[in-house]
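Colleague: Dock chains B and C against the given chain A, drawing on the hints supplied.
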Amino acid sequence: MEFIFVLDILGVVAFSISGVLAAMRKGLDVFGILIIAFATSVGGGTLRDVLIDTDVSWLTNMTYVYVIIITTIFGIILRNKLNYLRKSLFLFDTLGIGLYTVVGVEKAISAGLPPVICVAFGTMSACFGGVIRDILCNDIPVIFHQEIYATACILGGFSYFALAYFNLPQDLIFIISGLIVIAIRISAVVFKISLPKVY
Amino acid sequence: MEFIFVLDILGVVAFSISGVLAAMRKGLDVFGILIIAFATSVGGGTLRDVLIDTDVSWLTNMTYVYVIIITTIFGIILRNKLNYLRKSLFLFDTLGIGLYTVVGVEKAISAGLPPVICVAFGTMSACFGGVIRDILCNDIPVIFHQEIYATACILGGFSYFALAYFNLPQDLIFIISGLIVIAIRISAVVFKISLPKVY
Amino acid sequence: MEFIFVLDILGVVAFSISGVLAAMRKGLDVFGILIIAFATSVGGGTLRDVLIDTDVSWLTNMTYVYVIIITTIFGIILRNKLNYLRKSLFLFDTLGIGLYTVVGVEKAISAGLPPVICVAFGTMSACFGGVIRDILCNDIPVIFHQEIYATACILGGFSYFALAYFNLPQDLIFIISGLIVIAIRISAVVFKISLPKVY
Numbered sequence: 001m002e003f004i005f006v007l008d009i010l011g012v013v014a015f016s017i018s019g020v021l022a023a024m025r026k027g028l029d030v031f032g033i034l035i036i037a038f039a040t041s042v043g044g045g046t047l048r049d050v051l052i053d054t055d056v057s058w059l060t061n062m063t064y065v066y067v068i069i070i071t072t073i074f075g076i077i078l079r080n081k082l083n084y085l086r087k088s089l090f091l092f093d094t095l096g097i098g099l100y101t102v103v104g105v106e107k108a109i110s111a112g113l114p115p116v117i118c119v120a121f122g123t124m125s126a127c128f129g130g131v132i133r134d135i136l137c138n139d140i141p142v143i144f145h146q147e148i149y150a151t152a153c154i155l156g157g158f159s160y161f162a163l164a165y166f167n168l169p170q171d172l173i174f175i176i177s178g179l180i181v182i183a184i185r186i187s188a189v190v191f192k193i194s195l196p197k198v199y
Numbered sequence: 001m002e003f004i005f006v007l008d009i010l011g012v013v014a015f016s017i018s019g020v021l022a023a024m025r026k027g028l029d030v031f032g033i034l035i036i037a038f039a040t041s042v043g044g045g046t047l048r049d050v051l052i053d054t055d056v057s058w059l060t061n062m063t064y065v066y067v068i069i070i071t072t073i074f075g076i077i078l079r080n081k082l083n084y085l086r087k088s089l090f091l092f093d094t095l096g097i098g099l100y101t102v103v104g105v106e107k108a109i110s111a112g113l114p115p116v117i118c119v120a121f122g123t124m125s126a127c128f129g130g131v132i133r134d135i136l137c138n139d140i141p142v143i144f145h146q147e148i149y150a151t152a153c154i155l156g157g158f159s160y161f162a163l164a165y166f167n168l169p170q171d172l173i174f175i176i177s178g179l180i181v182i183a184i185r186i187s188a189v190v191f192k193i194s195l196p197k198v199y
Numbered sequence: 001m002e003f004i005f006v007l008d009i010l011g012v013v014a015f016s017i018s019g020v021l022a023a024m025r026k027g028l029d030v031f032g033i034l035i036i037a038f039a040t041s042v043g044g045g046t047l048r049d050v051l052i053d054t055d056v057s058w059l060t061n062m063t064y065v066y067v068i069i070i071t072t073i074f075g076i077i078l079r080n081k082l083n084y085l086r087k088s089l090f091l092f093d094t095l096g097i098g099l100y101t102v103v104g105v106e107k108a109i110s111a112g113l114p115p116v117i118c119v120a121f122g123t124m125s126a127c128f129g130g131v132i133r134d135i136l137c138n139d140i141p142v143i144f145h146q147e148i149y150a151t152a153c154i155l156g157g158f159s160y161f162a163l164a165y166f167n168l169p170q171d172l173i174f175i176i177s178g179l180i181v182i183a184i185r186i187s188a189v190v191f192k193i194s195l196p197k198v199y
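Protein chains in written order, with the UniProt record's numbering: chain A, 1 to 199; chain B, 1 to 199; chain C, 1 to 199.
Mixed in with the good hints, there may be bad ones.
Same chains, same label: a pair holds when it works inside one copy or across any pair of copies.
[Unchecked claim] No more than 30 Å apart at the CA atoms, straight line, and that leaves these computed lysine-lysine pairs for DSSO-like:
1. 81 x 107
2. 107 x 26
3. 26 x 197
4. 192 x 26
5. 87 x 192
6. 197 x 87
7. 81 x 197
8. 81 x 26
Calculated from the structure, these hints are not laboratory results.
Model, not experiment: these values are computed from the prediction.
Excised from the complex, chain A in its bound form (with noise of 0.2 Å):
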């Protein structure tokens, strides 16, 4: 599945310069940028990973580990640029965990867990990423206390198994899922959507 392959990598880019762009914030060096960038876009699927006790993914498979290098160098380079990507940015960010949701979804599904589970872990494969990251930059993690992003994944998630209930195609129940984390998390940035605070 080429396609998805394309998708994959356009999460990994937006991962990764969120981290890079978090990391210069706090003025880190570029060891500490790479590393964070590195932690961003692999994070939340490496928790999952080592929770269900399965193969990591990033530690065979180079492709990661190169095109996260490389965003971060061009990511550095063109630093002062990068406010003009913002758009594609966000929406490269939207796509990846879209994507990252229901793979989570599909890998823990496999491993056999219970469905709420499933949907915790397609939650934490898109979003822990940014958790780490902020918890290396010393923030509190900005998906906590904003617009509604895992929020959108969880709602995916339920509606995977949603579809599922109604045995639909695999391949179908894939697409629409990561379609409605995407729907949701650009309806919520347009009409400005957060979760309710709590005092």
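Modeller: Below, chains B and C without anything else, positioned relative to chain A:
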């Protein structure tokens, strides 16, 4: 052992509420509050299971997940009344760390680890959910600089091995060492005993 | 290899003391100081072993545990004199990262991982204890924004593979690439060389 099950659930309730309170203090949204409640409740046991390389229990046992979700919802709704429940919550928390310490020690023993490491794992099971909560909330872990908490677990863990040395029956060892944790923790709070700080 | 064993212990001592100092600076109690000394010493190797999915070595080898406990006690007692030992501690630390880098690279090679990943794991073994220390102390990891440290490990890791390419004997590769880490690190401190920061 229904008795143990009730203690376990009370512990999860107390840990979740402590997560909910910490997250609300930071102004997080409902997703952030839920994740921090979750991490506080299962974080210690999860770290233990990953390090021992055994199955992480909440992946397949949905009871914890449901208890945490329900507790979080009630915690948010009743947030202005939680202060009245302070004493009950302290009691639940204390029962919880007593139980988790002994459960953690026994899990480590059955993994064939040496006694000192088993005590460390008992303490980790009881205390590291709170460490993860504080890291996610961008605070220095409170158990590193406040009233005796982890120390109660360490002493309870060692008493487990002391009692085993005298060949007491398994159930009695379990109960006595759990009670030792609970007694030390309650005394520490009542008499305001802290570990020495070093400058 | 008694020689290696001595280096290893010196490294653990240096890492523990760096944890003790960081924890004391934050005003933590003796439990907090011990945990941070422990995390600084074994954190990098533990993360490596969890990701590779191999046994975590300090679970069964009590030597590390005892060395860390004893070092922490001495560190606390001698806290006002540690400044006089600064140069020795720097030397121990540098010997430590030289050794841990090469050990980490070799562990990753025997897990069948590709060279770039092996270098990453060597660097992680040497440096991520310090990252975990700084996260627990609520600081941005110091190796992300100071004098060359991780970079010495990365270069030493790559030189391991360069030397292996020329079919040098295993022991010689081990020693030379460790010495490269040490030489680069010492030069960086003596000549105050940092990586470029990016704003």
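Colleague: Now look at each hint and say whether the structure bears it out.
Modeller: Do the hints match the structure? See the list:
1. 81 x 107: neither (37 Å within a copy, 41 Å between copies)
2. 107 x 26: Classified as neither: same-chain Cα gap 34 Å, cross-chain 33 Å, threshold 30 Å.
3. 26 x 197: Result: close both inside a copy and across copies, 27 Å intra and 10 Å inter.
4. 192 x 26: Intra 26 Å, inter 21 Å, cutoff 30 Å: intra and inter.
5. 87 x 192: Answer is within; shortest intra-copy Cα gap is 15 Å, inter-copy 40 Å.
6. 197 x 87: both (27 Å within a copy, 26 Å between copies)
7. 81 x 197: between (34 Å within a copy, 18 Å between copies)
8. 81 x 26: Cα proximity of residue 81 and residue 26: one copy only (18 Å, versus 34 Å across).
Of the numbered hints stated above, those contradicted by the structure are hints 1 and 2, listed in ascending order.
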